[in-house]
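Line order of the protein sequences matches chains A and B.
Under our numbering, the first residue of the first sequence carries the number 353, and numbering increases by one thereafter.
Under our numbering, the first residue of the second sequence carries the number 224, and numbering increases by one thereafter.
To be clear, the hints were calculated from the coordinates, so they are not data collected in a lab.
Misleading hints may appear alongside valid ones.
With the C-beta cut set under 7 Å, the calculated list includes, among others, these residues of chain B facing chain A [unchecked claim]: (1) Ala227; (2) Glu228; (3) Leu238; (4) Val239; (5) Thr243; (6) Leu254.
Here the structure is a predicted model, which is why all the values come from computation and not from measurement.
For glycine and all other residues, C-beta sits at the position ideal for the given N, C-alpha and C.
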Amino acid sequence: MTDFEEFYESSYARLVGQLFSVTGSLEQAEDVVQEAFIRALDRWPRIQAYDVPELWVRRVAINLAVSEIRRLRRRAAALLRLGAQRPQPQLTPQTAEVAELLLRVPVNQRPVLLLHDVLDLPIDQVAGQLGLPVSTVRGRLARARANLARHLAADPEGALSHHGRR
Amino acid sequence: MADAERESEHGLRHLVEEGTRAARRPPLSDLRHRSRRRRRFREVATVTAVAAAVVAVFPLVASFDRSGTSTPGPTAPHSASPRSLIATPTQTVPGGTITLTGTGCAPRKSVTLGIRWDRGAKLSLSMEEQKTSPGQPQTTATAAGTHQLASVDALPTGSFEAKVRIPTSPVINKPTLWASCGTSASSRQFTQYVSIVVRNPN
């Protein structure tokens with residue numbers, strides 16, 4: 353098994369899970385993560401020398417998710433029309449509802465939520481990984497949380513409430 | 224609001240966990256195949272773009288032999304016959320006559336012949352030329368410009384020959400004779416140039 357193969361098999365699913373919280377769609381998360389791995393494959397001699405190559409792939413996938421979300425949506429719609437849709441992943445209704453709520457948060461705010469609220473990175477590391485000023489990260493984080501909380505308040509019996517009660 | 228934020232954070236963590244479990248990993252060979260296909264596509268696109276640029280630019284910059292003949296550029300698009308333009312003689316005086324012989328035009332199509340000159344030229348048409356070329360503006364003393372001298376039809380072989388009279392009075396700066404015609408390979412007009420020398424008889 354090559355280094356890249358090992359890296360791919362060990363980190364793919366984790367990255368798809370993380371990117372799911374940025375795209376709000378598991379298919380799109382898979383698309384951007386696969387695209388990021390293809391780019392990593394082309395540059396593997398350089399990337400494997402990094403301390404944590406997974407950070408590079410995640411950064412590329414996040415950038416793709418933020419910048420190409422519209423193109424990906426168009427492509428997904430086209431695939432749907434052509435009947436080339438992938439089989440639906442088995443997600444619980446609660447997760448499907450969270451994903452739907454995420455779509456109401458601007459896409460450039462979602463990576464901040466992922467890195468800070470899910471992966472527990474401090475603000476300065478989030479800023480470093482996203483290439484943003486710390487003040488921008490703070491602002492986006494506050495707005496993203498407020499956005500989610502507002503939608504949650506509008507949907508008191510919805511998915512997040514179920515999670516919270518567990 | 225703080226409760227809502229905690230709940231949303233919890234919901235996000237759960238979403239990430241579930242997304243990780245549900246991820247469908249394609250075989251690595253699939254990614255390698257896509258990577259190779261993309262590289263090939265990029266290579267083809269690059270070659271196509273370069274070829275298109277060469278085809279678009281080269282007809283306009285055919286190289287010239289300053290001794291009085293022109294030759295096509297090294298990668299000029301292929302036409303039915305080689306393109307050339309020869310001036311005989313290559314030196315004359317104002318009012319003198321030069322025979323232009325060329326090839327590479329579309330058979331039986333019109334070929335326009337003329338003269339152009341660089342900035343600093345002094346060209347003013349004689350009264351006789353003004354009568355035979357109505358509508359041609361009188362050229363200013365210092366501007367670069369071009370002036371149509373004659374028009375002939377190409378032979379069935381695509382070649383042509385015509386005598387042109389160099390405008391009189393007084394001196395033309397770096398004059399170049401040109402022939403413009405359509406080619407059988409392209410619908411675009413193709414112009415060939417040949418440099419001549421116009422000596423002041425005084």
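Exercise. Of the numbered hints stated previously, which ones are contradicted by the structure, given in increasing order?
Worked result: none
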